[in-house]
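Heads up: the protein sequence lines correspond to chains Z and E, in order. Quick note on my numbering: the first sequence kicks off at 1 and runs consecutively. Quick note on my numbering: the second sequence kicks off at 121 and runs consecutively.
I should point out that these hints are in silico values taken from the structure, not numbers from a laboratory. Keep in mind that the hints are not guaranteed to be accurate.
With beta-carbon atoms standing in for the labels, derived distance ranges [claimed, not checked]: (1) A146/E to D103/Z: 15 to 25 Å; (2) L206/E to G74/Z: 36 to 46 Å; (3) D42/Z to Q285/E: 35 to 45 Å.
All C-beta atoms in this analysis are idealised placements derived from N, C-alpha and C, irrespective of residue type, glycine included.
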Amino acid sequence: MNSTPLRHRVAEFHRRLASIPAAATAAEAYQQLCDMLNAVEDDLSGLVYDSALPRGSGRMYPPQPDSERPDLLGRAAVRRYRSQGHNTLIGDNGAIEIQRLDDHVEFTKPGCDGRSIGEL
Amino acid sequence: VNSIQQLDHWLQQYLPDVRTEMDPSATKSGSWHLNIRLGRRYATVEWRHDTGFGITGNRKGVYGEHSDESSMDLSSAIGRLLPILLIGARTGRRKPVRLAELRRLKKLSQSDVAGKLRKKQSAVSKVEARGGDVKVSTLMSQLRAMGGKPSIRVSFGDQDEYELQLHRER
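From just these sequences and the hints, can you work out the full model?
Laid out in C-alpha cells, this is it:
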C-alpha cells in the first residue's frame, strides 16, 4: 500500500480533529486526539500500528500517557504532553492546542465552553 | 543521575557555548527530553530507561513522529550528537535514489564512470537500466568509480542493524 506524504496526513489529522464536536473533559479530548491520529495513520500511512512505538518508523503516534508533564506555569486547568518536537496542551474544558517547541501553534481548538487553551 | 542528565552534563562541560533545556519525565518509566542548541544547530534527545536515547538533529519533526535514530548508551549518543552540533549533520531517513540519479547528483556522465571502469559507456548505461537486477560486484565497482564507498546494511528492527561483509577478510 502506498503511503500519503506525512505533511498531508498531518493536515488530514487537523481537519478531522477540527470537524468533530469539542470534548467536555481533558480525558475525552486526549482520547479524541489519540483516536483521530491513529485513524488517519491507519487509513493513509500504509504502516501498521506497532505498540513498541519504534523510532524512525515514519508513522505518527499520539503522545503517550506517561509523557504528561505536571507543571505548566501554574496553569492547573491545562495538561501538557511532550513529544519529540511538540507539546500537546489539553484543557480541562476539552480544548486542544498543538505547539512546536518554538511555541508556534500548529493546531488549536476550543473546548466545550468555547474557551481555547490561551484563555484557560 | 540518569543517562540523559549525564549527557547534559557532558555537553555543558565540553561544549561551553551549548544551550540545553531539560524536560524531565514526571514518572520513572516516562520519556525525558533534552533540547540542545549550539549556534544555529540543534537537536532534540529523548531518553527512556528501557529504550535508551532517541536523537533528531537539525530537522523540525512532524507532529507525532518519534526520534529519527536510536542509541542505547551514552557514548554512542555523544558520538552521534557531535557531528549534528559541530558540522550540522542531519538525522532522518534519506530518500531512496536510483543509480542514474545518484550519478547525476555527483555531476558525472556515463562516459566519466565508464572511463574509470575501463568499460564502454553502454556497459554503464546497461547497469543503470537494469535497476535491481545487477550483480553485486558490478554495482559496487560502479559506485566506487563514482567516488562512493558502497556498503550493504540490513536492519531487523530499531536497534538491530548490521553492515554486510561480502567477502572473507584476507
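task = Compare the structure with the hints numbered earlier in the document and write down the numbers of the violated ones, lowest to highest.
result = none
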